[in-house]
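Trainee: Each chain, letter by letter, is given below.
Protein chains: 2
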Amino acid sequence: MRQPLPARPGTHISMLDTPCLILDLDALEHNINYLATYYKDSDCKLRPHVKNHRSPDIAWMQLRAGGTVNGVCASKVSEAAVMVQAGIPQVLIANQVITKAKIDRLCSLCRSADMIVAVDNEQNVHDLDEAAQSHGVNLGIILEIDTNIHRSGIQSTQDAINLARKASQAQGLTFRGIMSHQSIDPSKAGDRNDRQNEAKWTIKHCLDVKDAVENSGFPCEIVSTGETWSYDVARDSVGVTEIQGGSYITKDSSHYFFPEFQQAIKVLGTIVSTPRSKTAIGDIGVKAATLIKGVPEVEGHPNVTVTTLQAEHTLLEDPNEEFKVGDQFQLVVAMQDALVNRWDRYVGIRNNVVERVIEIAARGRHN
Amino acid sequence: MRQPLPARPGTHISMLDTPCLILDLDALEHNINYLATYYKDSDCKLRPHVKNHRSPDIAWMQLRAGGTVNGVCASKVSEAAVMVQAGIPQVLIANQVITKAKIDRLCSLCRSADMIVAVDNEQNVHDLDEAAQSHGVNLGIILEIDTNIHRSGIQSTQDAINLARKASQAQGLTFRGIMSHQSIDPSKAGDRNDRQNEAKWTIKHCLDVKDAVENSGFPCEIVSTGETWSYDVARDSVGVTEIQGGSYITKDSSHYFFPEFQQAIKVLGTIVSTPRSKTAIGDIGVKAATLIKGVPEVEGHPNVTVTTLQAEHTLLEDPNEEFKVGDQFQLVVAMQDALVNRWDRYVGIRNNVVERVIEIAARGRHN
Chain E
152 MRQPLPARPG THISMLDTPC LILDLDALEH NINYLATYYK DSDCKLRPHV KNHRSPDIAW
212 MQLRAGGTVN GVCASKVSEA AVMVQAGIPQ VLIANQVITK AKIDRLCSLC RSADMIVAVD
272 NEQNVHDLDE AAQSHGVNLG IILEIDTNIH RSGIQSTQDA INLARKASQA QGLTFRGIMS
332 HQSIDPSKAG DRNDRQNEAK WTIKHCLDVK DAVENSGFPC EIVSTGETWS YDVARDSVGV
392 TEIQGGSYIT KDSSHYFFPE FQQAIKVLGT IVSTPRSKTA IGDIGVKAAT LIKGVPEVEG
452 HPNVTVTTLQ AEHTLLEDPN EEFKVGDQFQ LVVAMQDALV NRWDRYVGIR NNVVERVIEI
512 AARGRHN
Chain P
152 MRQPLPARPG THISMLDTPC LILDLDALEH NINYLATYYK DSDCKLRPHV KNHRSPDIAW
212 MQLRAGGTVN GVCASKVSEA AVMVQAGIPQ VLIANQVITK AKIDRLCSLC RSADMIVAVD
272 NEQNVHDLDE AAQSHGVNLG IILEIDTNIH RSGIQSTQDA INLARKASQA QGLTFRGIMS
332 HQSIDPSKAG DRNDRQNEAK WTIKHCLDVK DAVENSGFPC EIVSTGETWS YDVARDSVGV
392 TEIQGGSYIT KDSSHYFFPE FQQAIKVLGT IVSTPRSKTA IGDIGVKAAT LIKGVPEVEG
452 HPNVTVTTLQ AEHTLLEDPN EEFKVGDQFQ LVVAMQDALV NRWDRYVGIR NNVVERVIEI
512 AARGRHN
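Protein chains in written order, with this note's numbering: chain E, 152 to 518; chain P, 152 to 518.
Calculated directly from the structure, the hints in this document are not laboratory data.
You may find that some hints are simply not true.
To be verified - Residues from chain E that keep clear of chain P, each with C-beta distances beyond 10 Å, as calculated:
{"id": "1", "residue": "Gly161"}
{"id": "2", "residue": "Asp345"}
{"id": "3", "residue": "Lys355"}
{"id": "4", "residue": "Gln414"}
{"id": "5", "residue": "Lys429"}
{"id": "6", "residue": "Ala485"}
As the list claims (entries may be wrong) - List time: in silico DSS-like cross-link candidates among lysine-lysine, alpha-carbon distance up to 30 Å:
{"id": "7", "chain 1": "E", "residue 1": "Lys191", "chain 2": "E", "residue 2": "Lys339"}
{"id": "8", "chain 1": "P", "residue 1": "Lys317", "chain 2": "E", "residue 2": "Lys475"}
{"id": "9", "chain 1": "E", "residue 1": "Lys429", "chain 2": "P", "residue 2": "Lys251"}
{"id": "10", "chain 1": "P", "residue 1": "Lys355", "chain 2": "P", "residue 2": "Lys191"}
{"id": "11", "chain 1": "P", "residue 1": "Lys444", "chain 2": "E", "residue 2": "Lys429"}
{"id": "12", "chain 1": "P", "residue 1": "Lys429", "chain 2": "E", "residue 2": "Lys317"}
{"id": "13", "chain 1": "E", "residue 1": "Lys475", "chain 2": "P", "residue 2": "Lys251"}
{"id": "14", "chain 1": "P", "residue 1": "Lys339", "chain 2": "E", "residue 2": "Lys429"}
Nothing here was measured: the structure is a model prediction, and the numbers come from that model.
Think of the CB as a built atom: it goes at the ideal place given N, C-alpha and C, for glycine as much as any other residue.
Pulled out of the complex, with its shape left as it was, chain E reads as follows (with noise of 0.2 Å):
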């Protein structure tokens, strides 16, 4: 059953219906602008991941844009079949793909885009050549190492260069290089130097492991390394080809030590009780926003602090009683991803005024 739409262009903010996912159009385009100059003239160049805005026509903003490999990275077979389907030319898919249907669905894309996948052990390797050979296409190869995430990833450097060696000889595979997702301590992320060096050590170990595979014979045409939190370092890496920036283009409340960047979504809520004195009852629960990595911060309200999200209320404590019943509040989460997938479909807004509203087409594409 499809969702009403939830706004027409020429509707003034204060006119919404709520629970509202708003995008701001003034900061989304300065997030994007802001790193396509970044990336314009270096070697490294930017791909964004598609699993933070989860819309193709984002994804095509930030192509064009410029600054980019040309292509997209996606967590998952199915959100990259939607970006295929929209026309993107080229999907990295930054995970493991591993049972027979998603193979099958994966082989199906190749037709239609150039695809990579990413790999971390040998019989993976072995079931994406049967299944490319048995689709009659060819599919991109990517090793995934392991650096300080600690989640999947090739171990050791001997590991690498034996699956790039399998990749290479498979005739359903073209072996395109490597890749390491990282992610920053955040005890370290306030601090510039600390940041920097945390990024500088995972690059070059993703760096070391593609000196090893190079030397062994196998060229790696890619080498994707490097996140927003991780963006201006990854630049200036030698060797590194691209990185994969997801959240810099709408900005998690726990990205704050980029003030560079500007957030851009925030969920547009309303108070609907204010039962006892310093206390106010909002309509967004954690069904509509998260509560990843910390409670939400309210915009333009720094002394009301959210207690907690229940499944459909926010709860806020309001020392100065700052808010009525009725009022608008808005939301801003500390991972977007996680929020963005909630909703199907952000109601984009300049000035207080609806400008357009954009399909998440890629929300709840799981698998």
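For this one, chain E is given, so just place chain P on it according to the hints.
Mentor: Below, chain P without anything else, positioned relative to chain E:
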């Protein structure tokens, strides 16, 4: 953009693409029939809360089973609208409805169903009355009383009497009674006596307010108090006409203390990597499941624990190395209604085979 159908009936579970939201139909039917039987010969009836399953198909299963008020409750107007569209004859919205847009939507639903809405302030009663009169409809009003949850709700008995008077005098409204929503302190949940004592005092508080309101001349046709965790106390509390039962139907892992209900919803995943000893990585992330109220349990593998869910990954500690790449696993989460809201459809399973796919038509109805 519509999601592709996740599976055809007749498909064996081992062939499902993952992650996949699966619904054990035997367990679902057991839970529905258990509570229907429990309330069939009682004055107190069940009002199924649809915020948990968000599916009109399942709401109809509940109503057909009997023991109910022949209506449901919903948390949001948009959620209620989906139920009304499916022919559900009565919906109680167990929250305040404040904005003009939402009040208009609510009044419109009054043309197709018997609608009741919770209130806790005078201005809101005034706004609802004005809208109902302007739409030429009659809207039911129920007072929300705050007992132990300290969210919205009327704080004093005198305020309750005043609001009941105001609603009774309003031309567009009908005063229907009182409701409250309670929660159980997790530390008391596991002890049967503690749980029942907590339920007794919250229900007694609600009944005391009801007596005062009735003694002031405003009869309460509906006294809606009690939830899944207090379903047994509520039935035997004279004066309670109904309970709002939601989570019994699929059973969260946080409802472990009710052996009479069965866990019906699981998220099916696949192991995509075993990069280090005693570690397995699955393809279910926090976007496809939830960490609210705690990490999920791994069905049938008591020695395997979920370390955490990242955006797209399950991190599993697997001391006996029970899992290898490609194996399926199932997660049971601690809060099913947040989980369900991430998904468009249930894949209904019986004897490990897909029997039918059920639309979660009210998914994402946040307002």
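Trainee: It remains to establish, for every hint, whether it holds in the given structure.
Mentor: These are the hints, each one checked on the structure:
Listed as a non-interface residue, E/Gly161 keeps its Cβ farther than 10 Å from every Cβ of chain P; the least gap is roughly 15 Å. Against chain P, the non-interface label of E/Asp345 holds: every CB pair exceeds 10 Å, the least being about 22 Å. At roughly 20 Å from the closest C-beta of chain P, the C-beta of E/Lys355 stays outside 10 Å, upholding its exclusion from the interface. The non-interface label for E/Gln414 is consistent with chain P: the shortest C-beta to C-beta separation is roughly 19 Å, beyond 10 Å.
Every Cβ of chain P is farther than 10 Å from the Cβ of E/Lys429; the closest lies at roughly 12 Å, confirming the non-interface assignment. With 10 Å as the threshold on Cβ separation, the claim that E/Ala485 sits away from chain P holds: the shortest Cβ distance comes to roughly 13 Å. The straight-line distance between the Cα atoms of E/Lys191 and E/Lys339 is roughly 28 Å, inside the 30 Å bound, and the hint therefore holds. With a C-alpha separation of about 21 Å, the suggested pair P/Lys317 and E/Lys475 falls inside the 30 Å cut-off, and the hint holds.
For the hint pairing E/Lys429 with P/Lys251, the CA-to-CA distance comes to about 25 Å; that is within 30 Å, so the pair holds. Note on P/Lys355 and P/Lys191: the hinted pairing holds, with a Cα-Cα distance of about 23 Å set against a maximum of 30 Å. Taking the CA atoms of P/Lys444 and E/Lys429, the gap is about 26 Å. The hint holds against a cut of 30 Å. Taking the CA atoms of P/Lys429 and E/Lys317, the gap is about 26 Å. The hint holds against a cut of 30 Å.
Simply put, E/Lys475 and P/Lys251 have alpha-carbon atoms about 15 Å apart, close enough for the 30 Å limit, and the pair holds. As the CA atoms of P/Lys339 and E/Lys429 are separated by approximately 29 Å, the hinted pair is consistent with the 30 Å bound.
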